[in-house]
Amino acid sequence: QKEVEQNSGPLSVPEGAIASLNCTYSDRGSQSFFWYRQYSGKSPELIMFIYSNGDKEDGRFTAQLNKASQYVSLLIRDSQPSDSATYLCASPGGSARQLTFGSGTQLTVLP
Amino acid sequence: DAGITQSPRHKVTETGTPVTLRCHQTENHRYMYWYRQDPGHGLRLIHYSYGVKDTDKGEVSDGYSVSRSKTEDFLLTLESATSSQTSVYFCATAGGQETQYFGPGTRLLVL
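Chains as they are written, first to last, in my numbering: chain A, 1 to 111; chain B, 1 to 111.
A portion of the hints provided could be inaccurate.
To be verified - No more than 27 Å apart at the CA atoms, straight line, and that leaves these computed lysine-lysine pairs for DSS-like:
1) B:Lys57 with B:Lys11
2) B:Lys70 with A:Lys67
3) A:Lys42 with B:Lys57
4) A:Lys67 with A:Lys2
5) A:Lys56 with A:Lys2
6) B:Lys57 with B:Lys70
7) A:Lys67 with A:Lys56
8) A:Lys42 with A:Lys56
9) A:Lys2 with B:Lys11
Hints are computed from structural coordinates only; laboratory data are not their basis.
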């Protein structure tokens, strides 16, 4: 069974710092990963997806995928208090593109 | 926002009673999913659908059933609610891409 593991945190960083969130996975066949952000009491929203090895940048967010080491990470540069949320990584698979989620990492950005 | 609504948004029920949660989407997405979210477990897939009347079990399907008679509606039924089914339930949809979009969630308390 596919497993996706996240360092559960919680993680606290000062405003303006880089927040690093990590995820490891068990299925070597996994081809892509999604990062969702979930504010307290709200539903998850997609912030990044990555399909290939290396880095993908979108504004202050950078997703990194290393298939050889089976990990994926999300870097948030110039962290803001509004980035405080739980971040979930997920890997799709199966006939209906089901997602397997990690347990999430709670990030707090301190002003 | 993929035009996903869930009803009810909050429900309190008693052990042993049947409960039906509704997910409605306006995006004509083929795939629909039901997840539950509990502290320390992230999001876990209950059931999913890959078309009208085509459904299958997810990771935590025991005690749940689903139906999809129209593209836009996906119903989740707890046949006989138990306290262990107290949770937040999220519906999600996906179209041609793998990206899943989430509804606002339903908070269910089983007493």
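Hint-by-hint comparison with the structure:
{"no.": "1", "hint": "B:Lys57 with B:Lys11", "result": "holds, 24 Å"}
{"no.": "2", "hint": "B:Lys70 with A:Lys67", "result": "violated, 39 Å"}
{"no.": "3", "hint": "A:Lys42 with B:Lys57", "result": "holds, 25 Å"}
{"no.": "4", "hint": "A:Lys67 with A:Lys2", "result": "holds, 15 Å"}
{"no.": "5", "hint": "A:Lys56 with A:Lys2", "result": "holds, 24 Å"}
{"no.": "6", "hint": "B:Lys57 with B:Lys70", "result": "holds, 19 Å"}
{"no.": "7", "hint": "A:Lys67 with A:Lys56", "result": "holds, 14 Å"}
{"no.": "8", "hint": "A:Lys42 with A:Lys56", "result": "holds, 26 Å"}
{"no.": "9", "hint": "A:Lys2 with B:Lys11", "result": "violated, 32 Å"}
Violated hints for the displayed structure, listed by number in ascending order: 2 and 9.
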